[in-house]
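Asks: Single-letter residue listing:
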Amino acid sequence: MARKRQNQSIRNDFFEDIQSALGYPPDLVCRSLFVREEQAVHCVYLESMVDKKTIDDYILKSFTEHTFAEGEAPRSAGSGFLREVSFSDPYEELREHAVKSLLAGHCVLADFARERVCLINVTEPRQRSIDEPKSESTIRGPHEGFTESILTNVGLVRKRIRNPFLRFEKMSVGSQTGTTLLMVYMENLAPDSLVREVRGRLSAIRTDSVLESAYVEEFIQDRIWSPFPTLTNTERPDVVAAQLLDGKVAVMVDGTPSVLLAPMTFFEFFSSPEDYYQRADIATFIRWIRLISFFTAVFVPSLYVAATTFHQELIPTQLLISLSAQREGVPLPAFFEVLLMEVVFEIIREAGLRMPRAVGQALSIVGAIVLGQAAVEAGLISAAIVIVVAITGITNFVVPVYSFGMSQRLLRFSFVLLAGFMGLFGILCGALFLVAHLVSLKSFGVPYMIPASPSKGADWKDVLVRLPRPWLDPNRLPGYIRNLKRKR
Amino acid sequence: MISRFQFYLLTINYILGTTLFVLIQRLVKQGGQNAWFMPYWAGGFGVLVGLFWILLFRHYPGRSLVQIPLDAWGRPLGTFVSVLYFLYFCNLAGWVLRNLSDFMNGTIMPETPKSVFHVMFLLVACYTVAQGAEAVGRLNQIITPFLFFPFWLVLLLATVNWDWERLQPVFHSDLGAILQYHSFLGFPYMETIALTMLFPLVKQGAGRPFLLGLWTASVSLSMTLFMIIGLLGVERASRLTFPVYTVVQEVSIGEVIVNIHAIISVILLILIFIKLLVLVYGASETLRQVFRPQTRWPHFLALTILLSAMALSIYENPIQNGEWDEKYTFIYDSFFVLLIPFLLLVTTWIKRTFGKRTKRRMS
Amino acid sequence: MLIFHILLVPLIGFPVLGLLRKKLYRDAAVFGAVSMMGYGLWFRIVNHRPFIITIFIEKMIETFVA
Amino acid sequence: MTYRYAAGVFILMMFTALLTACWDKTEMNELALVSMVGVDIDPDSGKKTVYYQIINPLSGTSARGTPGGEQAPVYTYEISGSSFGEIKSTIYKMLPRKLFIAHSKVLLVSQRAAGQGIRDIVNFIEMQPNGRSSVPMLIVDGSISQVMKTFTPLERVPSDAIDSRLKLLIRNSLLAGKHIKVNDVIERMEKSDTIVLPMIAATSENPSSNSGETAADIDANQNNFIIGGGAVFRDYRMVGKLNDAQLVWYHLLNGDEGRHVRRFQVEGKQVSMELRLVRMQRDVFRQSDQPSVRIRLDLQLSATWANEFVPRSRAEVKRLEGNLNRIIENESLAFYQMTRERGWDLLRIRDLLRKQMPNHPDIDQAAKNAKVTIEVATRLLRTGSMNQPYEGTG
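If you read the sequences in order, they're chains E, A, Z and B. Residue numbers for the first sequence follow the working numbering, beginning at 95 and rising by one. Residue numbers for the second sequence follow the working numbering, beginning at 2 and rising by one. Residue numbers for the third sequence follow the working numbering, beginning at 216 and rising by one. Residue numbers for the fourth sequence follow the working numbering, beginning at 64 and rising by one.
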């Protein structure tokens, strides 16, 4: 009797309760089917999250067309998709379960005949198609990019590494958002200590929300006060695959195409997987270009300031005469000129990002050329400054990783300040400080400046040059990864 | 922990540190055409002194220079000796800083107050030292190629002014004068005692890289002297304040390669910085090992205040410094470098023999 | 002169107070001793009567030798 | 946390203190770029006068092409005082910008100052913190103020004009040598050697002081100065002069390698030959008691400019070479005799002896008495674009 009453009350309240728990959302659909006489099957789902075709074609059809025998499960629902919860469970738990599943895109099927609730996964999250990542475009190589759906992303990685040792570990982070994280690594390649370290850091995250992988990055990076990223992020599955094959660990976050990769060292920011899609000599040349442009982007404005305001004897005579002719009548000190132009340049760049694309392009060109030209004509700044700022601005984009480019900008400004106060000496102090910082930095226990220091001679083979692949060991891993493995 | 190779590089750069600035002129004045020979015998002496320290450190594995007196002579006397070493390191660091600011004032920034240079370098040095000995070793390792190659490249470029005749006649002048210049033993060779603070941290033993570094530094010093004499001639090299700087200043190849002396100033400044790093490390480690404070940063602040003051009160003018160098360097240095370690070694031996005897008697 | 005190007194005072409040007496003593040495030297420098260390050591050596 | 705040405050305070480093800051348009320095000492009063020739950056050298054609390319400031150090301070009575020596290219010294001694001047140059002593030093024949106030045609900045002329002379003649820089002077003087510095003189009595006028005048000889002759220095003092003909032998015997064209009288015929030193060897022998010095010169001849006569056969070449050997031997030996009579050790025999026989008791005397022989070996290696000159039918 009691059971009957409970059944009855569930029938009455269950859907009402679910609706009120979710706050009567407009996309909540309740459908009732009469199967045998009055014994109804109730089906509830969030319209926006599910694949309605699946529900219609397989679940509901199976109820209407076939009559279930007693104790028989719906045939169409595959084993992985189905979880059953019995009515005999505490009601609270049942409801909680149902709400959670609904939010995850499941369909809740209350089968009163068999006194159980079936939770069937019919998720089809709204997602865009796989296309080329905007921020990391390449000439040669795959043009696929990750999407916001984590399952698609897993598929994109699997497609590249068909290997049973590829491991995905699932975690859930964020007390409010409940975001799914996947820690990805190759069990046979990634060192245990590294995997343990990443797992430990990930599980130590205490936060309410994770909307992008940057949230996670901030929690698991090694040092907060550093302009240098100790993890990299990418939207390209081929990059992730390449790094996983180097024994690294990737962290995928549901809802964002950027995947985190750890550990990263300083010199790895100058090499990109595209290097392997090109001829070795060209790739080496490009790596050098990247290194040079890193130094240019960081040091050129400050060196200009130092040379023109403190150490004029360093400038060749003819250049000095022409520079000082340009400076005739310019009101601002060279230091402020550079600072002003750098700030203006950053503003233009930021505005160009936010603007609608068509306008943005026009703005950046107009801003850069017209503003600079006009300022020179008006005698506000000297022409050389425009060149300096333009060079640094362009070289800034050469580094393949965007977050590393950002750190260059910060460094550039601090170096300009130092040069403005103390000339070459200031730059030198700043550079020494920078090196001291870099050598003390670690990324998941890996020294950031490896292989420069601590030095590993053999590792240079793939840092400043890229040797042709046949010359490299086919089972090669980066030296530090090998070290970590050996330490185990 | 730092590797042997890092320690080797550190030793070289430590010795070359201020030597390339300050000493070249005095060496040429003393040795004439044959000044390039002086680093060899002074380096030989340095190696002997190094062997002597290694002998001492054999008895106290894993202990640093200031912990040894504590072990050998007990807490009160040991603390006193360690404080003396602390002051010695501070004094040397002050000296290094003062050499730096003299150079900067004398060449590229004549009007900037000296303390600006001191404080800036100290801030950076304290930051580096606070990251630990590993950071010191690695920083030096990363920077060394940027010192080595440009330095020799610039000197090679300078060979457009080379003249073999400046080096003749070979070994004619008074060799006795070369041997008499004892302050060269004190600075830079005996000052390497600050490096012994890092001895226990070197993986697989510090002795060999230390001695090797001493010898390499002597060879490169000798080569530098050789080049300076061939490029400037004895007459000018013995009178100019910073001969290395002047050599490079006078290089001009075509219209493009002029004014490359900035490179040499940067190299010299970095070398000085590395020497400062080791000294600051020595001083702060002494404080830490002897007094065992729980905090780190306040003591670096205190060191900065003390060292920046010391740098200004080392000497009044370079003339007085020259006099000090000729008369007192050797005595002053040998007190810390020879006398105290010798006494330590003697007490260790005595303790050991007596200890053995008492043990035997006990059994 | 005034600038010197304004700069150095808080620089030494605050850490000492902080260390005392944390009951790190030994740290406070070490810090105080080292920084007071510096303070003394600085004081004489600012007064244009610097305490020249090498001359002091020279005198010590002279008396010791004599 | 307190420490973090304390560190922040500390760093901020330090930075305010470090702003004093800006004392060394100078904008480029606050600099007076010195291109040439001239020094004069009045023998009677001992008053020192320094001329600074300062580049006017707006004079059209600018890449932007500023309308500055009307302006003078350089301005000459003249200031006197009782010592050179003093001038450093008093110059600002006239000069509105900070003196900037590092890029100066030429040092001029008046003949009367040179006659009294240039030690002060050299020390002054070497002691300047930013100055470079690797600039050529020239002696002004005549009034220095006139040379300092001459605008040069074509190369508008006079120091550039002198600099490039010297470079061309060193390459294309034996009238100027490589060792004419201030640091060479110091080195030679400190070794009590002799050195010969080039001389410079104004071509006209009253050069125009208007750059526009100078630029508009077709006659480049009118407003100009000319490099010629050599001033012999011993012990920081000018002791005599060499003329251009003597300069050739001086530079040849000192190992300079310029290609010099000179006319020789060979068997009654005139022939212009270009000669270039290939190798010089100096050996010291001990003959009886006196050391004797043998100088061997290997010269490369070129008939590129021999418009009078080009040898036709091997025998003729041999004869020409033999004759030239003899002529050059004789003339250079005559040059040596001349210098010895005047007591100048222009061949630097003393220095040679000091190096080769450092144990000799009296090097000065030995150098004076040394027997010098000169052997010349010439080889004709090149002819010009004509293997025979046109000879006409007469």
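Quick caveat, the hints were computed from the structure, so don't treat them as lab data. Watch out, some of these pointers could steer you wrong.
The calculated lysine-lysine pairs, modelled on BS3-like cross-linking and capped at a C-alpha distance of 25 Å, are [to be verified]:
#: 1; chain 1: B; residue 1: LYS110; chain 2: B; residue 2: LYS212
#: 2; chain 1: A; residue 1: LYS204; chain 2: E; residue 2: LYS536
#: 3; chain 1: B; residue 1: LYS230; chain 2: B; residue 2: LYS212
#: 4; chain 1: E; residue 1: LYS536; chain 2: E; residue 2: LYS555
#: 5; chain 1: A; residue 1: LYS30; chain 2: B; residue 2: LYS212
#: 6; chain 1: E; residue 1: LYS253; chain 2: E; residue 2: LYS264
#: 7; chain 1: B; residue 1: LYS161; chain 2: B; residue 2: LYS241
#: 8; chain 1: E; residue 1: LYS147; chain 2: E; residue 2: LYS194
#: 9; chain 1: Z; residue 1: LYS274; chain 2: A; residue 2: LYS328
#: 10; chain 1: A; residue 1: LYS30; chain 2: B; residue 2: LYS254
#: 11; chain 1: B; residue 1: LYS418; chain 2: A; residue 2: LYS30
#: 12; chain 1: A; residue 1: LYS115; chain 2: B; residue 2: LYS161
#: 13; chain 1: A; residue 1: LYS115; chain 2: E; residue 2: LYS579
#: 14; chain 1: B; residue 1: LYS254; chain 2: B; residue 2: LYS244
#: 15; chain 1: B; residue 1: LYS241; chain 2: B; residue 2: LYS381
#: 16; chain 1: B; residue 1: LYS304; chain 2: B; residue 2: LYS230
#: 17; chain 1: B; residue 1: LYS244; chain 2: B; residue 2: LYS212
#: 18; chain 1: B; residue 1: LYS110; chain 2: B; residue 2: LYS254
#: 19; chain 1: B; residue 1: LYS151; chain 2: B; residue 2: LYS244
#: 20; chain 1: B; residue 1: LYS244; chain 2: B; residue 2: LYS304
#: 21; chain 1: E; residue 1: LYS194; chain 2: E; residue 2: LYS228
#: 22; chain 1: E; residue 1: LYS146; chain 2: E; residue 2: LYS194
#: 23; chain 1: B; residue 1: LYS241; chain 2: B; residue 2: LYS304
#: 24; chain 1: A; residue 1: LYS115; chain 2: B; residue 2: LYS244
#: 25; chain 1: B; residue 1: LYS254; chain 2: A; residue 2: LYS115
Label pairs and their calculated CB-CB ranges [stated by the list, open to error]:
#: 26; chain 1: Z; residue 1: MET251; chain 2: A; residue 2: LEU85; range: 25 to 31 Å
#: 27; chain 1: B; residue 1: SER227; chain 2: E; residue 2: ARG563; range: 51 to 57 Å
#: 28; chain 1: A; residue 1: LEU344; chain 2: E; residue 2: ASP286; range: 25 to 31 Å
Think of the CB as a built atom: it goes at the ideal place given N, C-alpha and C, for glycine as much as any other residue.
Asks: Against this structure, judge whether each hint is valid.
Replies: Going through the hints against the structure:
| no. | hint | result |
| --- | --- | --- |
| 1 | B:LYS110 - B:LYS212 | holds, 20 Å |
| 2 | A:LYS204 - E:LYS536 | holds, 20 Å |
| 3 | B:LYS230 - B:LYS212 | holds, 22 Å |
| 4 | E:LYS536 - E:LYS555 | holds, 22 Å |
| 5 | A:LYS30 - B:LYS212 | violated, 42 Å |
| 6 | E:LYS253 - E:LYS264 | holds, 19 Å |
| 7 | B:LYS161 - B:LYS241 | violated, 32 Å |
| 8 | E:LYS147 - E:LYS194 | holds, 22 Å |
| 9 | Z:LYS274 - A:LYS328 | holds, 12 Å |
| 10 | A:LYS30 - B:LYS254 | holds, 15 Å |
| 11 | B:LYS418 - A:LYS30 | holds, 19 Å |
| 12 | A:LYS115 - B:LYS161 | holds, 22 Å |
| 13 | A:LYS115 - E:LYS579 | violated, 51 Å |
| 14 | B:LYS254 - B:LYS244 | holds, 16 Å |
| 15 | B:LYS241 - B:LYS381 | violated, 32 Å |
| 16 | B:LYS304 - B:LYS230 | holds, 21 Å |
| 17 | B:LYS244 - B:LYS212 | holds, 23 Å |
| 18 | B:LYS110 - B:LYS254 | violated, 29 Å |
| 19 | B:LYS151 - B:LYS244 | holds, 23 Å |
| 20 | B:LYS244 - B:LYS304 | holds, 18 Å |
| 21 | E:LYS194 - E:LYS228 | violated, 34 Å |
| 22 | E:LYS146 - E:LYS194 | holds, 19 Å |
| 23 | B:LYS241 - B:LYS304 | holds, 18 Å |
| 24 | A:LYS115 - B:LYS244 | violated, 34 Å |
| 25 | B:LYS254 - A:LYS115 | violated, 37 Å |
| 26 | Z:MET251 - A:LEU85: 25 to 31 Å | violated, 18 Å |
| 27 | B:SER227 - E:ARG563: 51 to 57 Å | holds, 54 Å |
| 28 | A:LEU344 - E:ASP286: 25 to 31 Å | violated, 52 Å |
Checked against the numbered hints above, the structure violates hints 5, 7, 13, 15, 18, 21, 24, 25, 26, 28; every other hint is satisfied.
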